[in-house]
Amino acid sequence: KAGVTQTPRYLIKTRGQQVTLSCSPISGHRSVSWYQQTPGQGLQFLFEYFSETQRNKGNFPGRFSGRQFSNSRSEMNVSTLELGDSALYLCASSGLGHSYEQYFGPGTRLTVT
Amino acid sequence: DQQVKQNSPSLSVQEGRISILNCDYTNSMFDYFLWYKKYPAEGPTFLISISSIKDKNEDGRFTVFLNKSAKHLSLHIVPSQPGDSAVYFCAASARNNAGNMLTFGGGTRLMVKP
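The listed protein sequences derive, respectively, from chains A and B.
Mapped onto our numbering, the consecutive letters of the first sequence carry residue numbers 200 to 312.
Mapped onto our numbering, the consecutive letters of the second sequence carry residue numbers 103 to 216.
Bound-form chain A, shown alone:
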C-alpha cells in the first residue's frame, strides 16, 4: 500500500507571496491532517479534514487554509507569506472514523525569503 505523498518536497517563496501544498493520503483513508514543524515551536496542528469538511482547526491565523477533495486528496494554502512561515509542513492520514493513529508523509520544506 502506497504511503502518504506530498508535493512539492521543497519550495522557496518570497514574503507576500502565496503557496499551495498538496497531499495524497493512503488509499482508503478519509481523514487528512496538516501539521507545521519549526525548530522553535515543534510540531503544531494546523487543521484536519474528513469527507471534504474541516473537522478540527488549530490555533493559526486565517492566512492558513485548506480543503479536501472527493478523492480525499487535500491541499493547504498559505497567503501573504511571512518569514516565520518557513517550516516543514507535514500531512498525515488516518483510517475510518475516529482513528488515533496517523501516518505521515515526508513533508514539504517551505523557505520564505
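Hint data in this document are derived by calculation from the structure and do not stem from the laboratory.
As the structure is a prediction and not an experimental result, all values here were calculated from the model.
Ideal Cβ placement from N, Cα and C applies to all residues, glycine included.
Hints should not be assumed to be uniformly reliable.
[Unchecked claim] In silico BS3-like cross-links for lysine-lysine, where the CA-CA straight-line distance does not exceed 30 Å:
id, chain 1, residue 1, chain 2, residue 2
1, B, K139, A, K256
2, B, K156, A, K256
3, A, K256, B, K173
4, B, K170, A, K256
[To be verified] Cβ-to-Cβ under 8 Å is the rule here; a few derived chain A residues that face chain B:
id, residue
5, I211
6, K212
7, F244
8, S250
9, E251
10, N255
11, G304
Given chain A, work out where chain B should sit, using these hints.
Just chain B, lined up with the frame of chain A:
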C-alpha cells in the same frame, strides 16, 4: 501552554542497553498516547500507542508505560540499536475532539552509540 512535554532534548545510550524516553502531559482529557520516530528529511513514523485504559503496551523491542495519576508516559527500547538513533516524539489525543488532532511534545533526540 505546552500540554505535552518531553523534558530531555537528547539522550545518549550504548548499543544493547535500554533507552528510556519520558513524556509528561497536563491535559486530563487526553485518553490516547502515541510515540513517533523521526529521521531527518522524513515524516514521523508511528511506533506504538497506548489507550488510557491500559498501563502498558508492548511491541517487540518497544514498550510504552502509562502512569495516569502522574500524567506521565515512557517509551522503553530494549535492546537499543544504532538504527534507533532518531528524534522521538510523544503525542496525545483527547476523546472529546470531533476528529483527529494530535498534540506533540518537543521531541527527544536519541543517539545509540555502537
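Consistency of the hints with the structure:
no., hint, result
1, K139(B) - K256(A), "holds, 24 Å"
2, K156(B) - K256(A), "holds, 29 Å"
3, K256(A) - K173(B), "holds, 25 Å"
4, K170(B) - K256(A), "holds, 27 Å"
5, I211, "violated, 16 Å"
6, K212, "violated, 19 Å"
7, F244, "holds, 5 Å"
8, S250, "violated, 10 Å"
9, E251, "violated, 13 Å"
10, N255, "holds, 5 Å"
11, G304, "holds, 5 Å"
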